[in-house]
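2 protein chains.
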Amino acid sequence: MSGLHVLILGSAAGGGVPQWNCRCPVCSLFWVGDSRVESRTQSSIAVSADGVRWLLVNASPDIRQQILATPFLQPSNGSRHSPVEAVALTNADVDHIAGLLVLRERQSFTVYATGQTHDILASNPIFNVLSPDVVKRSVMNMDAPFDTGIGLMVRPFAVPGKVALFMEQGQDVRIGDVTETTIGLEVSANSKRLVYIPGCAAIDEKVRLMASGADLLLYDGTTFTDDEMPKLGLSDKTAHRMGHTPITGTGGSLGAFGDLFIGQKAYIHINNTNPILIDGSTERQMVEAADWGVTRDGMKFLL
Amino acid sequence: MSGLHVLILGSAAGGGVPQWNCRCPVCSLFWVGDSRVESRTQSSIAVSADGVRWLLVNASPDIRQQILATPFLQPSNGSRHSPVEAVALTNADVDHIAGLLVLRERQSFTVYATGQTHDILASNPIFNVLSPDVVKRSVMNMDAPFDTGIGLMVRPFAVPGKVALFMEQGQDVRIGDVTETTIGLEVSANSKRLVYIPGCAAIDEKVRLMASGADLLLYDGTTFTDDEMPKLGLSDKTAHRMGHTPITGTGGSLGAFGDLFIGQKAYIHINNTNPILIDGSTERQMVEAADWGVTRDGMKFLL
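Chains U and F, in that order, are what the protein sequence lines are. If you read the first sequence in our numbering, its first letter stands for residue 1, the second for the next number, and so on. If you read the second sequence in our numbering, its first letter stands for residue 304, the second for the next number, and so on.
In case anyone wonders, no lab produced these hints; they're calculated from the structure. For every residue, glycine included, the Cβ atom is placed at its ideal position computed from N, Cα and C. Some clues are possibly wrong.
As the list claims (entries may be wrong) - Result set (SDA-like, lysine to any residue): computed pairs, CA atoms no more than 20 Å apart in a straight line:
| # | chain 1 | residue 1 | chain 2 | residue 2 |
| --- | --- | --- | --- | --- |
| 1 | U | K237 | F | D446 |
| 2 | U | K237 | F | P435 |
| 3 | U | K237 | F | N431 |
| 4 | U | K300 | U | I262 |
| 5 | F | K509 | F | Q410 |
| 6 | U | K237 | F | Q410 |
| 7 | F | K534 | U | Q107 |
What the hints assert, rightly or not - Take a look, some chain U residues computed to stay more than 12 Å from chain F by CB distance:
| # | residue |
| --- | --- |
| 8 | P18 |
| 9 | I67 |
| 10 | A158 |
| 11 | E168 |
| 12 | T179 |
| 13 | D259 |
| 14 | R284 |
| 15 | R296 |
| 16 | L302 |
My request is simple: use the sequences and hints to build the entire structure.
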């Protein structure tokens with residue numbers, strides 16, 4: 001089948017749903033077995049032009065579980081094999097890079113990332129489990145489209161962002177700078193375009209320009225309101241401080257793309273505190289009424 | 304209930320069963336849905352004196368999935384909470400430390416490890432996600448028992464080992480040195496003793512001395528034969544080269560503890576290639592006839 005295949009491997013933000021140590025309202029519903037909240041693993045998608053060779057975008061800590069749940073990504077010939085031919089990273093957050101540690105065992109693939117993200121991998125020797133003689137590390141340059149060799153074109157673009165949490169120490173943390181710290185990806189094949197932006201600190205004109213005309217936009221759905229975490233008493237950090245745009249309120253994403261032609265829009269990288277995770281909630285109804293979908297693990301799109 | 308509670312969170316070696324890219328005979332049975340092979344996550348156990356406060360031994364990459372499968376380890380009060388109060392590490396292998404990256408989100412606990420293993424964590428800034436103001440790092444000294452503060456005494460002891468794979472680069476890899484690289488743990492409470500040795504390159508007199516009299520010995524069951532991986536054409540590495548004793552053959556574990564009084568013996572850290580993973584296999588029957596159990600995920604021991 002030609003087109004552009006997109007599999008949602010994980011739809012949650014860092015920590016997943018439920019988060020291991022959390023009893024926020026959403027996690028609490030899950031822990032007591034309320035069927036309105038389903039389990040979600042940490043965000044990652046797989047994209048393919050032919051349904052055979054796949055590009056992962058981000059490698060979540062849950063990648064082993066995600067592959068076991070996804071027959072498309074399981075080995076099918078020889079004694080060692082994987083349909084995963086490449087992994088592209090949108091930043092160096094733990095929930096996007098830790099899964100690389102699972103993709104060891106001498107399997108050949110290519111890791112695409114910005115120079116800055118590659119430097120972070122290089123400064124952590126644990127990533128040497130991906131032996132350089134089998135795993136190629138390739139630098140993505142902003143706004144320079146490249147051919148992945150598996151029928152997919154990728155165009156990376158910088159978005160307003162923030163350094164990874166584990167790199168914050170001792171730094172003056174700047175939010176919203178447009179550097180290679182946080183990027184979005186356009187992935188295209190067979191005249192179809194996916195735009196993937198799981199983390200974004202502000203919706204500027206470049207973000208809107210890239211989203212315009214996409215057949216599918218998967219966008220940062222971390223929190224519903226900017227002060228969601230502080231209000232729940234879980235953290236003093238707003239969505240903005242974490243490098244994310246809230247869905248609603250000033251600078252929110254809900255209405256920010258409404259004037260553009262976009263085939264389908266859906267939220268991904270959804271934090272466990274976000275009430276859109278509760279089936280039937282007012283907040284879920286509100287985003288659906290605004291023509292946004294809410295991704296769930298295992299969802300498939302054929303564009 | 305007093306005694307010593309032991310939960311098998313994961314029973315497999317690095318990669319788990321099935322391994323993401325593997326079609327060895329055992330993994331192949333799993334991929335085609337043969338019920339004789341069950342899924343196993345990467346090795347980790349939880350130990351408790353009271354069934355309420357828990358020590359994890361090793362933090363596997365599958366720890367989020369393991370906690371979701373284990374009600375004992377789920378949060379039960381306040382907005383953030385975990386029954387996991389400490390994590391002890393037996394070496395710095397990826398399958399034993401990567402799970403620390405999942406145990407973030409500002410949860411307070413103590414990481415116990417040797418000085419050498421702490422140095423490896425410190426040399427990888429990604430582990431800074433465990434903020435030093437909430438996660439304490441405590442050095443374990445060999446043969447020095449210590450009180451964990453949750454009713455468990457722990458005595459670490461060096462065993463013949465090998466540096467972690469990702470630290471091998473550019474080094475002359477020495478196998479079987481008795482250093483702080485690889486350790487076993489005795490965990491005791493209420494007059495009961497668990498001895499946990501998930502990786503061991505040779506069974507010397509010290510290993511036998513520590514195992515002697517244990518109520519439960521959980522021991523390295525990586526491979527059945529020393530040449531298992533080379534014979535399958537999967538790797539040129541023997542069990543010995545990977546820092547493990549095979550179950551059978553010269554230096555094998557199957558008969559090495561037979562003359563000691565040990566309450567129960569079971570294999571853990573079982574590689575996906577090991578035929579004891581197939582229910583009813585000749586090899587499974589052979590280990591069971593020699594009075595060894597084969598751990599599976601979710602197994603509980605109350606000593």
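Outcome of the hint check:
1. U:K237 <-> F:D446: Cα-Cα ~44 Å, so violated.
2. U:K237 <-> F:P435: holds, 18 Å
3. U:K237 <-> F:N431: holds, 18 Å
4. U:K300 <-> U:I262: holds, 18 Å
5. F:K509 <-> F:Q410: violated, 36 Å
6. U:K237 <-> F:Q410: This hinted pair holds, its Cα atoms lying about 16 Å apart.
7. F:K534 <-> U:Q107: Given that 20 Å is the threshold and the Cα spacing comes to 19 Å, the pair holds.
8. P18: violated, 7 Å
9. I67: violated, 5 Å
10. A158: holds, 23 Å
11. E168: Violated, since 8 Å does not exceed 12 Å.
12. T179: holds, 19 Å
13. D259: Holds, since 37 Å exceeds 12 Å.
14. R284: Check passes; 22 Å lies beyond 12 Å.
15. R296: With a cut-off of 12 Å, U:R296 remains clear of chain F, as the shortest Cβ separation is near 16 Å.
16. L302: Given that every Cβ of chain F is farther than 12 Å from that of U:L302, nearest at about 24 Å, it holds.
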